[in-house]
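Q: Each residue of the sequence shown is one higher than the one before, counting from 1 in the numbering used here.
Be aware that a few hints might be false.
[To be verified] With a Cα cut of at most 30 Å, we get these calculated DSS-like pairs of lysine-lysine: (1) K8 to K133; (2) K8 to K46; (3) K46 to K113; (4) K148 to K133; (5) K102 to K133; (6) K46 to K148; (7) K26 to K102; (8) K102 to K148; (9) K8 to K102; (10) K46 to K26; (11) K113 to K26; (12) K113 to K8; (13) K46 to K102; (14) K26 to K8; (15) K133 to K113; (16) K113 to K148; (17) K102 to K113; (18) K148 to K26.
Don't read these hints as lab results, they were simulated from the structure.
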Amino acid sequence: MADIAELKALIEPEVNALGFDLVRIKLFGSGEDYTLQVMAERPDTKQLVIEDCATISRRLSDVLDEADPIEEAYRLEVSSPGIDRPLTRLHDYADWAGHEAKIATTETVSGRKSFRGVLNGVEGDDIIFRDAKAGDVVIPFALVGEAKLMLTDALISATMPLSSEGADEFETEE
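My request is simple: use the sequences and hints to build the entire structure.
A: Right, dumping it as structure tokens:
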């Protein structure tokens with residue numbers, strides 16, 4: 001299996017050169033069924049449209065074909081992080097302050113390894129969090145294993161689609 005740090009070093013400059021920010025790289029699967037998932041976003045909207053995904057995919061396909069960093073056969077999947085996005089970078093916790101999230105840590109923090117509550121921003125390299133059960137908690141970013149936003153009405157309002165053109169148009173078979 002390929003090294004994620006090496007893949008990131010190869011992929012991130014290409015994504016950035018196209019004007020996007022890399023959110024996450026994940027290689028998963030087994031046997032002959034692997035997927036290289038690349039999540040990216042526009043810095044100004046925190047979203048991607050399908051044309052953005054296609055642009056990134058074409059660029060990365062060429063780069064990955066030339067460098068050949070993954071021994072196994074794989075599918076390349078380029079996507080937006082979605083509404084209940086993973087929180088992978090320290091600034092994500094500041095950008096999404098005020099929204100509900102789930103955080104799982106790799107080590108015990110304040111007697112727990114699992115938190116659910118409201119993001120209150122960052123201080124230095126620490127996440128300031130209001131856990132529903134534990135109250136105010138300071139979580140070192142280095143100890144975050146996985147984290148994601150929770151789907152709420154407030155999050156839906158904050159992440160309205162870039163365009164809803166065609167949303168009301170549909171065809172039915174008679």
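Q: Against the 30 Å threshold, does the CA-CA distance of K113 and K26 hold or violate the hint?
A: holds (22 Å)
Q: Taken at face value, is the distance from the CA of K148 to the CA of K102 at most 30 Å?
A: This hinted pair holds, its Cα atoms lying about 6 Å apart.
Q: Between K102 and K133, does the CA-CA distance stay at or below 30 Å?
A: Given that 30 Å is the threshold and the Cα spacing comes to 12 Å, the pair holds.
Q: Does the structure keep K113 and K148 at a Cα separation of 30 Å or less?
A: Measuring from Cα to Cα gives roughly 15 Å; hence the hint holds.
Q: Assess, step by step, whether the Cα of K113 is no farther than 30 Å from the Cα of K8, and give holds or violated.
A: holds (27 Å)
Q: Does the structure keep K46 and K148 at a Cα separation of 30 Å or less?
A: holds (14 Å)
Q: Are the Cα atoms of K26 and K102 separated by 30 Å or less?
A: Holds - the C-alpha atoms of K102 and K26 are around 19 Å apart, at most 30 Å.
Q: For the pair supplied as a hint, K26 and K8, confirm whether the alpha-carbon distance does not exceed 30 Å.
A: Holds, at about 10 Å.
Q: Taking only the CA atoms, is the gap from K46 to K26 under or equal to 30 Å?
A: holds (19 Å)
Q: Hey, K133 versus K113, does the alpha-carbon distance stay inside 30 Å?
A: holds (13 Å)
Q: Mind checking the alpha carbons of K8 and K102 for me, to see if they're no more than 30 Å apart?
A: OK: K8 and K102 at ~25 Å, within 30 Å.
Q: Between K8 and K46, is the straight-line Cα distance small enough, at 30 Å or below?
A: It holds: about 19 Å lies between the C-alpha atoms, which stays within 30 Å.
Going through the hint list in order, the structure does not satisfy hint 1, though it satisfies all others.
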